[in-house]
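Number of protein chains: 2
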Amino acid sequence: MNVTFIGAGNVATHLARALQAAGVTAEQVYSRTAASASALAQTLGCGWTTEISEVRPGADLYIFSVKDNALEELVGELPPNDGLWIHTAGSMPMELFAGHARHYGVLYPLQTFSKERPLSFRQIPLFIEGATAEDTARLTALARRLSDHVEVLSSERRRYLHLAAVFACNFTNHCYALAGKILAGQAIPFDVLLPLIDETAAKVHDLTPAQAQTGPAIRYDENVIHKQLALIDDPQLRELYRLVSQSIHKEAIQP
Amino acid sequence: MNVTFIGAGNVATHLARALQAAGVTAEQVYSRTAASASALAQTLGCGWTTEISEVRPGADLYIFSVKDNALEELVGELPPNDGLWIHTAGSMPMELFAGHARHYGVLYPLQTFSKERPLSFRQIPLFIEGATAEDTARLTALARRLSDHVEVLSSERRRYLHLAAVFACNFTNHCYALAGKILAGQAIPFDVLLPLIDETAAKVHDLTPAQAQTGPAIRYDENVIHKQLALIDDPQLRELYRLVSQSIHKEAIQP
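Chains as they are written, first to last, in our numbering: chain A, -10 to 244; chain B, -10 to 244.
Because the hints were derived from the structure by calculation, they are not lab data. Accuracy of the hints is not assured; some may be wrong.
Given that identical chains are not distinguished, each listed pair holds provided it fits within a single copy or across any two copies.
Cross-link-like lysine-lysine pairs, in silico, DSS-like; alpha carbons within 30 Å at most [claimed, not checked]:
1) K239 <-> K170
2) K56 <-> K104
3) K104 <-> K216
4) K170 <-> K56
5) K239 <-> K104
6) K239 <-> K216
7) K56 <-> K239
8) K216 <-> K56
Required output: the full structure, derived from the provided sequences and hints.
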């Protein structure tokens, strides 16, 4: 089995490494950016191009892993072939391939990827969807070579999974960023937060987030909340603090 | 050295266990709630009371670990004695002890405590403050018996540390809760998020939160943001999503 990568960003890079480790041969890498295309191609030992017209038709698998707003255009530009075309986007429907590909599907890895951090794919939940039973079966077999957690999920439900991931990852990381900014104002290093951050994540392995919730907002302790609001100069951040505190309290009294 | 606990909640329970393991003898436990007082006293093998007037004067250390709004009242009700009085609250000033205690200070552990989860105190950063150089020295010696990370921090700066902890822990956990609620609406178990939650926390050991930020908000991808907003029925949650996304984007372009 061989695979061509359309897009060479964080997701493509991690997926490509995992596929290579699983014995799948890389055929070609396309990226609009020569630096990205050549870097991934070098890792994989295959050719690369920045022209979609130069993508060769003979691969078994075409993985489109690009920004959402570039996906449909690229799919339209690649001439139909006999390979299985898949994308890796949480919020994009599988049916964007309809009329362009003969065999298609989605493989959505529920994880946050940065090129510089190695990750074991075996622990990453992979959510797949195929256009036909045959496509689904091929994707399932492929996904199981990469991960111990493979599930079929429709495009409709995958959108909610992506929304949940934005809260659990992107918004969480932003909470870390805001905490770090508050500490920086006091010349306290970010590192002091790491045991707290780790334990906050570890707790929800054993407790539900509702059981794990602590702090002033859960009991809507106005004394502490008002004192803390008074420490925040930025009006937008003050509003964010107020809204999240209200939301915590609301979930506590009416989950 | 022996210690009396005023308050028997999560922080008191964890601190008491750590002190016991460090060879400090428990003298007495006070809590308004008999069940809490007796449970902690039983763990420690000491007496307990629900009457502040029955707290005995001879202990070396009195640890006030109660809700912020009960702290000042309790401090006023305990007759002065020769022990070192400390509290464990992030946002309360050390000087609330002035006029009530002869020796006093603060020991603030930067961690989230639930009674049911064991924790190693050695990794928990402890921030201390003493009324005099002598009180600070005694508190430093005590804190070093419990943790490898002991720092002196003023009440003024500790308030910001507590605010940062609310973001890094309480708000983060609420992001987990909201993610879980979104998944529950699709009958998807919370557990699928755990590898993502763990990696999000692990990333900021190696990268700054700004470097670790991923997702639609950082590039303010309006296409994805509007699609995701359309999935959220609750107007308050929609507003929270909008505000956090704006804040992520703002930090990305103007940190």
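Cross-check of the supplied hints:
For a Cα distance limit of 30 Å, the shortest separation of K239 from K170 qualifies both inside one copy, at 27 Å, and across copies, at 13 Å. Taking identical chains as interchangeable, the C-alpha atoms of K56 and K104 lie at most 30 Å apart only when both belong to the same chain, with a minimum of 16 Å there against 44 Å between chains. Proximity of K104 and K216 under a CA criterion of 30 Å is satisfied inter-copy only: 27 Å between copies versus 41 Å inside one chain copy. In this assembly of identical chains, the alpha carbons of K170 and K56 lie at most 30 Å apart whether taken from the same copy (29 Å) or from different copies (27 Å).
Taking the shortest alpha-carbon separations for K239 and K104, only the inter-copy value of 24 Å comes in at or below 30 Å, while the best intra-copy value is 38 Å. For the identical chains of this complex, K239 and K216 are neighbours both inside a copy (20 Å) and across copies (25 Å), given an alpha-carbon limit of 30 Å. Taking CA atoms no more than 30 Å apart as the test, K56 paired with K239 passes between copies only; the shortest distance there is 20 Å, against 35 Å inside one copy. For the identical chains of this complex, K216 and K56 are inter-copy neighbours only, at 15 Å across copies versus 42 Å inside a copy, given an alpha-carbon limit of 30 Å.
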